[in-house]
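Enquirer: Position chains C and A relative to chain Z; hints supplied.
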Amino acid sequence: MDILTALLQGLPGFGGMSDQGLFITGAAVMATLMFTVMALCAIVFTWMERKVAGFIQSRYGPMRTGRWHGWAQAVADMLKILGKEDIIPAEADKGLFVFAPLVVLLGSLLAWVAVPWAPGFVAADLDLGLFFIFAASSMVVIGILMAGWASNNKWALYGAARGAAQMVSYEIPLALATIPVIMHVGSLNTQDIVIAQQGGIWHWFILRDPFLFVAFWMYFIASIAETNRGPFDMPETESELVAGYHTEYTGMRFAFFFLAEYANLFLVSLIAVFVFLGGWWSPIPGLDFAPALTFVIKGILMVFLNMWVRWTLPRVRVDQLMYLCWKVMIPVTLLCIVGSGILMITSGAVG
Amino acid sequence: MSTGELKKGGWADQDHVPGIKSELLELNMGPQHPATHGVLRLLLKTDGEIVYQVTPVLGYLHRCAEKIAEGVNYKQWVVYTDRFDYLAPMCCNHAYVTAVEKLMEVEVPRRAEHLRVVTAELSRIASHLIALATFGLDMGAWTPLLYCFREREEILNLLERISGGRMLYNYMVPGGVRYDVPNDGWVESVLEFITMLENKKIKDYNDLLTYNKIFIERTADVGVIDEATAKAYGCTGPVLRGSGVKFDCRRDDSYSIYDKFDFEIPVGMGEQGTVGDCWDRYIVRVREIEQSCRIIRQALESLPDGSVQAIDLIKPVKVPVGAAYSRTESAKGELGHYIISDGGQTAFRNKVRSPSFCNLQVVEKVGVGQMVSDLVALVGSLDIVLGEIDR
Amino acid sequence: MVQYFQDIYAAVNSAMVGMGVTIKHIWKKPVTLQYPEERQIMPERFRGFVHNDMTKCDSCNICAKLCPVDCIYIESEGKGKDRMMTRYAIDYNKCIWCSLCTENCHTGSITMSHDYDHSVYDRRSLVYEFMDPREGTIPCHRATRIETGWWVEPKEEKEKNAKPAAEAKPAAETDPAAGEPSGDKGGDH
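Protein chains in written order, with my numbering: chain Z, 1 to 351; chain C, 1001 to 1391; chain A, 2001 to 2189.
Bound conformation, chain Z alone (with noise of 0.2 angstroms):
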C-alpha cells in the first residue's frame, strides 16, 4: 500500500493529490486488482485443474478452444455461464438466496488483502495479517449455510448442514498448525512472517523442526477440507448430495460459488506458502531476483498438488471426516504447538 500511494505519487495528476484522495484511490486500484487476480485465478486454475485431471486419467482435457491445449476453454466456459438463464427457485427464499453467493465471494475476497505477495506489496498490511485471513474466510462458511437453506431443496440443506459442520471444524486445526510459527516469529503480520523466513531453503518453517513439518502437513489436509475439495468435498458429494448447497443456482450466481472455490484453493496455498514455504524467498540464498513470481510459483505447485489429492483419493463419509478432525487433527496439531514450544525453549530461541 505504501509502495503503491508512493508510486501514485511520482505520477502526473496525482501529485497535488491529498494523503485522503490518494489512499481512497489507492485502495481503488488495489481493489481491482486484487479482484482481477482472484478472477484470472478462477479462470487459470478451473483449466489447470481439468488438465491435470485429464493427464491423471490417460486423457488430454480440453483440446479445442485456443488451439493450443485448450487455453482459451475456461474463458469460454465463463462466457457461456454468464450467458445462462437465472433461476430463482419459486419456493425459495429470494433474499437469501441472491444473497448467498455474495456472502461466500464476499468471504474469499476480504482474505486476500493480507497476502504479502513481496516485500512491502501487500494489500493492508495488518498487525494481525494471519488472523484477519482466518477471520475473514471463515465468512463463507454462512454463505454456504445460507445458500443450502434458501435453496428449499432437500439435497442442498443436507450438503449446507454438511458443509457448516466441516467447515468449522477445521478451522481448528487450520489455525491450530500455523501457531508453531507464529510462536517462532512472534507477529501475526504477514509480511513479518515471511521476513522471518530468509536464507534459503533451510530456513523455511517447515524444515525448522520436525514438529513444523507435520505442522504444515497438518494445515495441508486441514487446508482440503476447508476449500470443500476432494476427499473432503463433504458440501458437495457430487455422488450422494446431487451438488450439495449450490444444486439449485445456476448463471451468474453460480458462477460466484465457483470463483470463490478457486479463490479459495488459491489463497489456501499462498498461505502455506508464506506461512510454511519461505514466502517470496527462493529456495537458493541470493537468488532472489523476482520475489513476486516465485511467491505465485510456489502457489501454483500447492494448488498442483492440491489437485493431485483431489484425482487420487476417494471421499471419506461425514462421520469419518469428523473423527479426522477432533480425534487426529487436533490432538496432532496440539503436540506440534507444544512439541514445538520445547525445541524453542531447549535450543534458547526463548528466554
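If you're looking for bench data, these hints aren't it; they were derived computationally from the structure.
None of these values were measured; they are calculated from a predicted model.
Treat the hints with care, since some could be wrong.
FRET-style restraints, in silico, Cβ to Cβ [what the hints assert, rightly or not]: (1) C:GLU1227 x Z:VAL44: 48 to 58 angstroms; (2) Z:LYS84 x C:VAL1106: 57 to 67 angstroms; (3) C:GLU1070 x A:ILE2146: 40 to 50 angstroms; (4) C:LYS1231 x A:ASP2115: 43 to 53 angstroms; (5) C:VAL1106 x A:GLU2044: 21 to 31 angstroms; (6) C:VAL1057 x Z:ILE297: 50 to 60 angstroms; (7) A:THR2086 x C:PRO1316: 25 to 35 angstroms; (8) C:GLU1188 x Z:MET252: 52 to 62 angstroms; (9) A:LYS2024 x C:GLU1192: 14 to 24 angstroms.
For each residue, glycine too, the CB sits at the ideal point set by N, CA and C.
Expert: Okay, now just chains C and A, sitting in the frame of chain Z:
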C-alpha cells in the same frame, strides 16, 4: 467409526426437547441422481443422515421386452437380450441361446462353445470393470473410473473385431455363433490383453482403490448382507458370493463347457470387516476378473477346429412345442430364461429372471439404519443395471 | 491405541501409494484419440450405417421382414413382371444395427458400411431415402431386370437362395409405416 453404532431409533424416536416433535425427512433419491446407476428411484425416509426406511421404485426403464418376445421370432429376440444387461451383453445372449437350444435339442459345435465362453468371459470382465469403476465413483474416486474404462475400451475393441458391434453385439445365435474368429490375430490379441490385465492393471486398481485406507473405511462393515439374508432374498452372483456362499452356475450347473476349465470361485471372507460387506462384494469382482482371465486363456489354448454353426444362419429357427428353463451365470448373477413354445415362429411366452432385480430387493432390508453415504455405497456395491431390472 | 496409530499409518501409506500411481500416469501418453483428426480404424466386421446398393436390390422385402424394429420401408407398384420399386428408405431413428438384414440378403445389396457419424439437426432427416423417384423406378422381377439391363445375381447363387426369396414374394405389399415420415433426400451414401 463403524456404522454398527448407528442403529435405528435415533433422534426422531425420542423427545429430546420437551414439546418439540421432530419428523422424518422424506427424500427422493432418483430417478435423476448421480449414484443410482440409471433411472432407479429410491424413496428414503431419513432421520438426519440416517436412513429410516428405503423403498426402491422401479419401472422407469420398462421397455416391455418380454411382451416383444411374443411378437418377434427367436433369432430377432437375441437382439433384445443384448439390451438387458447392456454392460455384459454376451452373457445375456448366452443365457437366451442356451434356453432355445435346450428346447430345440441342438448340439452346438465345440468351436462355437469355446468362442461363446471366451466372449462371455470378456464381457464379464468388461462388466466387472464398470462395477469397480462406478463403485469407486460412488466413493468419490474419479481416477479409477477412467482407468477401468480404458481397459474396457480394449475389450470393446476385441469384441468389435469378432462381432462387429461395440456395445450390443448380437453375436450368438441359436445353434452357434454368428462369426468365426477373424483372421487378423484376434486370439493373440486377446491373450496379450488378459496377460496385461492380470499382471499390470489389476495391481494399479488395488493400489489406487482396493487397499486405500479411505476406501476400506467407507466400504468395510458397511451394508452387510449376511448369508441368510442373501439366500432369503434370492441374491445371486457376486452379491451372494460376497456373503460367503460358494455358488456359481458356471460350476454348479456347468452349462456350456465350463466343466472343462479349471477355475476358482472367489467368495467374501471378511478380510477388512464383516463377511458380506461392500468391500467383500467389491473384492469378489476383482478376483473374478482374474478367474475369467484364466478361463479365457484355457478356452483359447484349447480352441478346436470346425464349424461354428449347427444350423444354417439363413433358415428361420424351428422350435418344437414345449417349455424350457435355462439359467446361466451372467456378470450380475443368475440369469434365467423360461421359454414356452407353441411350435410357431415366435415364443408363446418368454420370462426372464434377471439377477439385478433380485439383488436390488435387499436394499429395503440392509439399507435401513445406515447413513445416506452408506446407502450409496450399498447400491453401488450391488452393481445393478436398470436395463435388466425393468427389462 | 496401537490400532489408532496403525490406522493413521495405513491411511498415510495407502494415500502415498495411490498418489504414486496417479503421478506415474501424468507422464504417460494419453490413450484418447483427438476424434475428428485422429480416427480409429474400423475392423472389417464393424457395423456402421446400413447401406443398400440400389443397383443390386430387387425389392424382395426380406430385410424389411427380418428387421426386429421395422425400420426399413419398401414400396413397390405393379404385379409380377411389371413390379417396380418406388421407394426404399431406412429410418435410422429406429435402426439398432443388429445386422440381421444384411445376413439374409440374397443379392448382397444391403451391407453394413463403416460410416458411423451422421449427425443431423432434425431427427426427420435420419430417414434416408435410397431412391430418387424423379430418376424413375427400379424393376424387381428377374426377367425384367435382365431385359432392362439391371444387375442380376449369378444363377448358382440364385438357386441356393431360392427358398427365402420365394417366401417373401407374396408379402411384397406396402409397409404400413412407410407413408408417414418423409425426410429429405439422403441420396445414396
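Enquirer: Taking the earlier hints as the rules, which of them does this structure contradict?
Expert: Structure breaks no hint.
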